[in-house]
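Let the hints inform the model, and build the full structure from the sequences given.
The lines below spell out each chain.
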Amino acid sequence: MRRWTVRAHLAGLVALAAATCARGERAPAAGPAVTDDAGRRVTLAAPARRVVSLLPSFTEILFAIGAGDRLVGRTTWCDYPPTALAVPSVGDGMPPNVEAVAARRPDLVVVYRSGPNVTAAQQLERLGVQTVLFDLNRLEELGSVARRLGVLTGRTAAGDSLARAMDSLASQPPIPGPRSLAFIVWDNPPIVIGAGSFLDRLAGLAGARNVFHDIATPSAQVSIETIAARNPDFIAVLSDTGAPPRYADRPEWRVVPAVRQRRFLLLPGRLFGRPSPRSPEAVRELRRRLASTP
Amino acid sequence: MKYLVLAGAALATLAAALLLGPADLPLSDVPGSAIVWQLRLPRALLAFLVGGALGVAGTSLQALVRNPLADPFLLGLSGGAGLGAVAAIALHLPGPWALPLAAFVGAVGAMALVYRLGLVGGAELDPRILLLGGVAVGALAGAITTAIVSLAEATELRNAFLWLWGGFSGASWTTVLVMLAYAPLPLGVLVAAARPLDLLALGEEPAQYLGADVRRLKRVVYLAASLLTAAAVAVAGVIGFVGLVVPHVCRLLWGRLHRTLLPTAFLTGGVLLTAADTLARTVVAPRELPVGIVTALLGVPVFAFLLRRWTVS
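Heads up: the protein sequence lines correspond to chains P and F, in order.
For what it's worth, the working numbering labels the leading residue of the first sequence as 1, then goes sequentially.
For what it's worth, the working numbering labels the leading residue of the second sequence as 1001, then goes sequentially.
One or more hints might be untrue.
[Unchecked claim] Partial chain F-side listing against chain P, Cβ under 10 Å, derived: (1) Pro-1022; (2) Trp-1037; (3) Trp-1173.
[Said to hold, decoys possible] Going by beta-carbon spacing under 8 Å, a handful of chain F positions derived as facing chain P: (4) Ser-1028; (5) Gln-1038; (6) Ser-1172.
It is worth saying that the hints were derived from the structure and are not from the lab.
The beta-carbon is built from N, C-alpha and C at its ideal position, and this holds for glycine as well.
As structure tokens, then:
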């Protein structure tokens, strides 16, 4: 009984000290600390040496800032850079398999902030595993994630440098261009990409106008008629196979002129499907394809 | 009189479906526009056919199992169709028709299983076992579907559920012709069973005494209604509510005789679903609402009003 009280007292003191450090931020002995997107202060004793990344974008950022060798776990979707495939997978991460993650004995788990993931992060914390929760849906969020991952892995300079490059891309105004496109992510019912999305921003930077820029949500269900009426020059499709979408030959879709003329931009999902350090490359690639298609 | 009213309503909804849409077409352009001929017209016709089919299937199944909660999708068909659709995507079946065909096969498979379960007690199709078997087969199919979705690696699998929630985005002249060629046979079978279905409402034994071949009637009605629903699922996904509420609305308004009930349920279902789809396309343009939401939003208040009037009187 007595031992418990002492322990609780000690724990209280430690918590108090940590809180003071966090607030004052001038205790030189403390390790790296950041505020994550759930508003939590994440403080490590030392730069993370065993990291599990639960989102392909995080994995790419970690490799880009030279912290790839710290990675001890990734998701099945983390396929870039190719060296990432040598890291053991902990499953698809949706939601994370808490036991598989903990079994990698990580000192930091980087988690994408979403409902089920927040619960998984709490479970990991209860097991004594440090977690950090980041939003990463938009181009604008890349820089701040890179900066904070740099701090947490002791690669501050590399993180800052990547963050500056990403912030500079994100702060560029969209280039007005003559070409227009629609991103169609599913055909029945038709789902298109609206403003407030990563892909809409990429299109703008590549000089193409997303005809559904007036829809404020990242994606929305529309009718084929609306797509036909908006009449985009191109239909952009995320595709890893490079084959035209299966609705290309369906009669109802042929009312859309770009479908009838088979003006598809088949964009590899590995490059275009997520915000990543390669986003400048994605912008260049899209610009190149727009220019090379008459 | 009622047929005149329903025919007028049908024409008005079809006209509205042709004239209204997210693309602003001047009235003079309507006759020559590809948007009207290739998109709005087939879509309106398909919505009408599917609504009518669901109305008739729901009416017959409610009479068959003598349960007011019976719905064409209750007997495991939606689960089977979902499993077929998800399997088609997970196995990367090629071709534009893979998904609807697989959904149809899944629905018919579930129907066959439920039918077999309904016969376990002997040669008689037991309505109570049909209901229970439908729920059980639906749950099994749902579990397998979820297992495929969580284990397979295809990212587009999640979208299979969008398709399954139903809608007429896939409408084309081909789907209209498929329905036009397919639906008359089961519809005809059900309409021909109108009089025995009236007798069945008295109970199985009295119906038998009054000359109905109850055993055969139950089998034929179950198969025809399920095959009708399976076709509706294949071209439009699972659209709830129409098959449940339209039969009740028609019974409240026009009585319980199936000779009237089946044709009025066809027309009412068609009108409701065409009107709902037109609203789904236009009210939040440029976006679109899933049609099932609109059928419920339109149908529930009407249903509640009728129910209240009926219980008061």
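Each hint, compared with the structure:
no.	hint	in the structure
1	Pro-1022	holds (4 Å)
2	Trp-1037	holds (9 Å)
3	Trp-1173	holds (6 Å)
4	Ser-1028	violated (17 Å)
5	Gln-1038	holds (5 Å)
6	Ser-1172	holds (4 Å)
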